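K.L.:
My request is simple: use the sequences and hints to build the entire structure.
Line order of the protein sequences matches chains A and B. If you count the first sequence from 1, position 200 lands on 199 in numbering that gives the first Met the number 0, and the numbers rise without skipping. If you count the second sequence from 1, position 497 lands on 496 in numbering that gives the first Met the number 0, and the numbers rise without skipping.
No lab work stands behind these hints: they were computed from the structure. Since the structure is predicted, the reported quantities are computational estimates derived from the model, not experimental observations. It is possible that part of the hints are untrue.
[To be verified] Only some residues are given here: those of chain A computed to face chain B with a beta carbon under 8 Å:
| id | residue |
| --- | --- |
| 1 | 8 |
| 2 | 11 |
| 3 | 13 |
| 4 | 67 |
| 5 | 105 |
| 6 | 110 |
| 7 | 134 |
| 8 | 228 |
| 9 | 232 |
All C-beta atoms in this analysis are idealised placements derived from N, C-alpha and C, irrespective of residue type, glycine included.
What follows is each chain in one-letter form.
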Amino acid sequence: MRIALFSTCIVDGMYPKVAKATVDILERLGHEVVYPQGQTCCSQMHVNSGYFDDAYPIVKNHVESFEEWDFDVAVAPSGSCVASLGHQQPMIAERKGDDDLARRANQLASRTFELSELLIDVLGITNAAEQLDSYFPEHVTYHSSCHGMRLLGLGTRQSDLVRTVEGIQYTQVEGLDQCCGFGGTFSFKNADTSGAMVEDKVANIEKTGASVCTGGDVSCLMNIGGALSRKNSDVQTIHFAEILASTKENPLKVNGPVSLTGGSK
Amino acid sequence: MSVTQLGMPQVRHGVGNIFETEPFPKYAERELKNEQLRANLGFATHKIRDKRAAVTGELPDWQDLRTAGSMIKQKVMANLDTYLEEFERNFTARGGHVHWARDAHEANEIALKLIQAEGVDEIIKIKSMATAESGLNEYLEENGINAIETDLAEEIVQLGDNDRPSHILVPAIHRNRTEIRDIFRKKIEGVDPNLSDDPAELAEASRFRLREKFLSTKVAVSGVNFGIAETGTMTIVESEGNGRMCLTLPETLITFMGIEKILPTVEDYEVFLQLLPRSSTGERMNPYTSTWTGVTPGDGPQNLHVILMDNGRTAALADEVGRQALHCIRCSACMNVCPVYERAGGHAYGSTYPGPIGAILSPQLGGIENEFNSTLPYASSLCGACYDACPVKINIPEVLVHLRGKDIDAKKAKKKQIPTQMDGLMFGAKKLFSSGKLMALAEKGLPMSKLVTGKDHKISKLPGLVGGWTDYRDIPEPPAQSFRNWYKKERPSETKRVAGERVDIDALIAQNKNKVAEAHAAAEVAATDKPAPKTEETK
Ligand code: SF4
Numbered sequence: 000m001r002i003a004l005f006s007t008c009i010v011d012g013m014y015p016k017v018a019k020a021t022v023d024i025l026e027r028l029g030h031e032v033v034y035p036q037g038q039t040c041c042s043q044m045h046v047n048s049g050y051f052d053d054a055y056p057i058v059k060n061h062v063e064s065f066e067e068w069d070f071d072v073a074v075a076p077s078g079s080c081v082a083s084l085g086h087q088q089p090m091i092a093e094r095k096g097d098d099d100l101a102r103r104a105n106q107l108a109s110r111t112f113e114l115s116e117l118l119i120d121v122l123g124i125t126n127a128a129e130q131l132d133s134y135f136p137e138h139v140t141y142h143s144s145c146h147g148m149r150l151l152g153l154g155t156r157q158s159d160l161v162r163t164v165e166g167i168q169y170t171q172v173e174g175l176d177q178c179c180g181f182g183g184t185f186s187f188k189n190a191d192t193s194g195a196m197v198e199d200k201v202a203n204i205e206k207t208g209a210s211v212c213t214g215g216d217v218s219c220l221m222n223i224g225g226a227l228s229r230k231n232s233d234v235q236t237i238h239f240a241e242i243l244a245s246t247k248e249n250p251l252k253v254n255g256p257v258s259l260t261g262g263s264k
Numbered sequence: 000m001s002v003t004q005l006g007m008p009q010v011r012h013g014v015g016n017i018f019e020t021e022p023f024p025k026y027a028e029r030e031l032k033n034e035q036l037r038a039n040l041g042f043a044t045h046k047i048r049d050k051r052a053a054v055t056g057e058l059p060d061w062q063d064l065r066t067a068g069s070m071i072k073q074k075v076m077a078n079l080d081t082y083l084e085e086f087e088r089n090f091t092a093r094g095g096h097v098h099w100a101r102d103a104h105e106a107n108e109i110a111l112k113l114i115q116a117e118g119v120d121e122i123i124k125i126k127s128m129a130t131a132e133s134g135l136n137e138y139l140e141e142n143g144i145n146a147i148e149t150d151l152a153e154e155i156v157q158l159g160d161n162d163r164p165s166h167i168l169v170p171a172i173h174r175n176r177t178e179i180r181d182i183f184r185k186k187i188e189g190v191d192p193n194l195s196d197d198p199a200e201l202a203e204a205s206r207f208r209l210r211e212k213f214l215s216t217k218v219a220v221s222g223v224n225f226g227i228a229e230t231g232t233m234t235i236v237e238s239e240g241n242g243r244m245c246l247t248l249p250e251t252l253i254t255f256m257g258i259e260k261i262l263p264t265v266e267d268y269e270v271f272l273q274l275l276p277r278s279s280t281g282e283r284m285n286p287y288t289s290t291w292t293g294v295t296p297g298d299g300p301q302n303l304h305v306i307l308m309d310n311g312r313t314a315a316l317a318d319e320v321g322r323q324a325l326h327c328i329r330c331s332a333c334m335n336v337c338p339v340y341e342r343a344g345g346h347a348y349g350s351t352y353p354g355p356i357g358a359i360l361s362p363q364l365g366g367i368e369n370e371f372n373s374t375l376p377y378a379s380s381l382c383g384a385c386y387d388a389c390p391v392k393i394n395i396p397e398v399l400v401h402l403r404g405k406d407i408d409a410k411k412a413k414k415k416q417i418p419t420q421m422d423g424l425m426f427g428a429k430k431l432f433s434s435g436k437l438m439a440l441a442e443k444g445l446p447m448s449k450l451v452t453g454k455d456h457k458i459s460k461l462p463g464l465v466g467g468w469t470d471y472r473d474i475p476e477p478p479a480q481s482f483r484n485w486y487k488k489e490r491p492s493e494t495k496r497v498a499g500e501r502v503d504i505d506a507l508i509a510q511n512k513n514k515v516a517e518a519h520a521a522a523e524v525a526a527t528d529k530p531a532p533k534t535e536e537t538k
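P.N.:
The following block contains the structure:
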C-alpha cells in the first residue's frame, strides 16, 4: 500500500524521531511511505485560537499538498491533528465561502487515519510483538489524549498496541480520562489553570511507578514531559510510535540522564 | 409594552449577573492558590461525577434519550415564538397571568410591582437561576423587600458574608461542612451554640429557621425547570422539599422563566424527567417533582404569575452555532466533569452561570464585545468532557471555538486596535504554515535555537505571552534538523504520481472489523500488567 505521511508541524519541527518511527513501522510491514513535501500544519492552532481567517490558507495548503500526490491512505502520529482535519477544516473553508475546498478537505480527512487506527482497523495489526517485532523492556504507563479519545473514539487502540509489545510492563494511570491541561494556546493563556492540571496529571503518572509515560500526541507529551522535567522526575515521555518501532536488534534506549523527548541528537 | 423601533432591529443583549468582573485567567490565578477551595471542589465534583457515571451507564437507552432531548430542544428553538404564544394562551386560560420582560431589569421591575401590590416586605424563594441572573434579591433589597432563600445551599450562600453561588446545582460547593457550621452558628438566631458539622444537624438548624417563614409568608418567587406549551403547565424538580412548600403555601406565586424553558408537550417532559436527575445529582429520580397548571380554587396559590424573560436569549438564538447553548437544562453535569471548573472554581466565571455552559452562555447573553466576557470562551482546554456528559448533547467545545472566532473578529473590527502579541504570533505562524517551502527554509534555522537552550538541554524561561508555558514546564531542546529536511536529504526523488488502482480502504476496514476487539484481547493476555497503585479513585 502507498501511505502518505502527515507528520504534523510539531512532530516535523520538534519531534522528528516520531515521524521516523512511523515510517519505520510502516516500512517494516512492507508498505511504501511517501511524504508530500508541501504539507505544514492542520490549522488547529489557528482555529482553536479563533483566528479563522488566518486558518484558511493553512487548510488550503494542506489539502492541495496532499492532492498533488497519489496514495491509498494517509496517516499521522496524532489524534488531535487527524480530528482537526475532519472536524475543523471543512468549517474553515465553508466560512470563507469555499465549498469546493470544504468538500475536498472532507474527502482527504476521510482517507487520513491516526496511527493506531491505521494499524488496527486498516492494516489488521493486533499484536505488536508478533507482527511488528516490537520490544521494549520497560515499565510504562499511558496518557490517553482527549481529542483521540473523544473526537476520534480511539478507545483503547493505542494502549492495546503498547501492551502487546514484548517485555513491556504496563500500569494504568489513575484518572486516565482526565485532560493533561495542554489545550494549545490554553497552556499559556490560562497558564495557572493549565499548570494545575498538568501538576495533577504528573502526580498520578508518578504514582504508577512507571519509568515511561507514552501517548499518541506529542503536544500532550511535551506538556507532561515538560512538567516532569521541571520536577526533576526520572519519568520520560515517549510517543507510542517510538515504542512500536523499538526492536531487539535496534532497541530504543531510555536509560541515562533525564532528557526530554525532543531533539534527534 | 410598546416598543418603537426605528430602522433595523438592534441586537438586544442581556443585563444583570451575566458578566465577568475581571479576566478569567486573573480570577483563576487567585482562586487556584486557595487550597481549601481546591480540596472542597475536587472532593465534591469527583463524588458527583462518579454517581452520575453510574446512573447514566446503567440505562441501555441513555444515548437515545440524549438524542431525543437534543431534538426536542432543536424543535423548540426553531418554533420558539409559536410555542411561547401557545404557552401564554394556556397559562392564561387556566387563570394565570403572563408578563413579558425584554431584559433582567424589566423582569425585576415587574416582580417588584407584583410584590408591592400584595403589600408585603418579605418573600420566600425557591432556588432559581433566572432570578440569580436578573439580580432580583439585590434589587428587592434596594426597594425595601427582604427575599429569603429557602434552598439549603442558597441559604448558606446568603448567610455567608459577601458570598456568591459557585455552582448552579450546589451553590455552596465551595464550602465544606465545618465552614457551613460556622456560618450557621454566627448567623442563625437562637441556634444551638454547640451545633456540630453533622449534615443532619445542619439541615435541622436550617429547617428550624425556615418553617416559620413558610407558614407566614404570603408571596413566593420561583424559577422553573420546564414550561409546557400545550397545557400551560409549569414544573420544578428538587431535592429538599422546600420548593414544594413555596409552591403550595403562599397566596401569590411569581415565577421567573427564561423564554427557552419551553417544552411542546407533556410527552416531551417524560424525556427530560429521565435526563435531568441522572445528570444533575446522579439520582435515578429526584425526591420532589412539582407540577402546577393554573389556579385551583381553595388549593395552593390563588394569584399565579409568570415573567417570561428574554435577557439576551433572542440574540443567542440568532447565532446558528451558538444557539445550542439555549438547549441547556441546567443540570450542571458539564461543570462537574470539567477539569478547569474543578480547579478554578465557579466564582472565576463571574456570571451566574459558571463552568463550560457559563463559558458559552454568558458571552452570548451579555455580548462577547463586553469587556471581560471575551475571556470566557478561552477558559477551556477543549478536552470535550462536557460534551460527553451533556444530557442534551450541547457541543460545548464547538461553541467555545466558534465564540473565540467571534471574539477575534470583533477585535479586528475595531480598526485602530494595535495588534496584540497573540495577533503577531498567529500572523507569523500563518505565513509559515501556508507553504511547505517556507517551513523547510525556516526549519534550517533550528540549530539556532540552541542559543536559548540551557546546559541541561532544555528551555526553562520564555519571554512574553508564551512565558506562561515555562512558568510550569520546560521545553525540550529542539532537534538539529526537522523531519522534513532530513527526509528530503534521505529520499530526494519520490514520485508524486503513480499509475494503478487505489486500494479500497472501506473494504479493508470492513474486513478488519473484529481487529479492534482482537487487539484488546491480545493486550489483556500479553501484557504483564502491574497492578494500579492503591488510591481512592481508580477508573
Ligand atoms: S450545558 Fe448540558 S451539561 Fe451543562 S448544565 Fe446545561 S444541560 Fe447540563
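K.L.:
Each hint needs a verdict: does it hold in this structure or not?
P.N.:
Results for each hint:
no.	hint	result
1	8	holds (7 Å)
2	11	holds (5 Å)
3	13	holds (6 Å)
4	67	holds (5 Å)
5	105	violated (15 Å)
6	110	holds (7 Å)
7	134	violated (12 Å)
8	228	holds (4 Å)
9	232	violated (11 Å)
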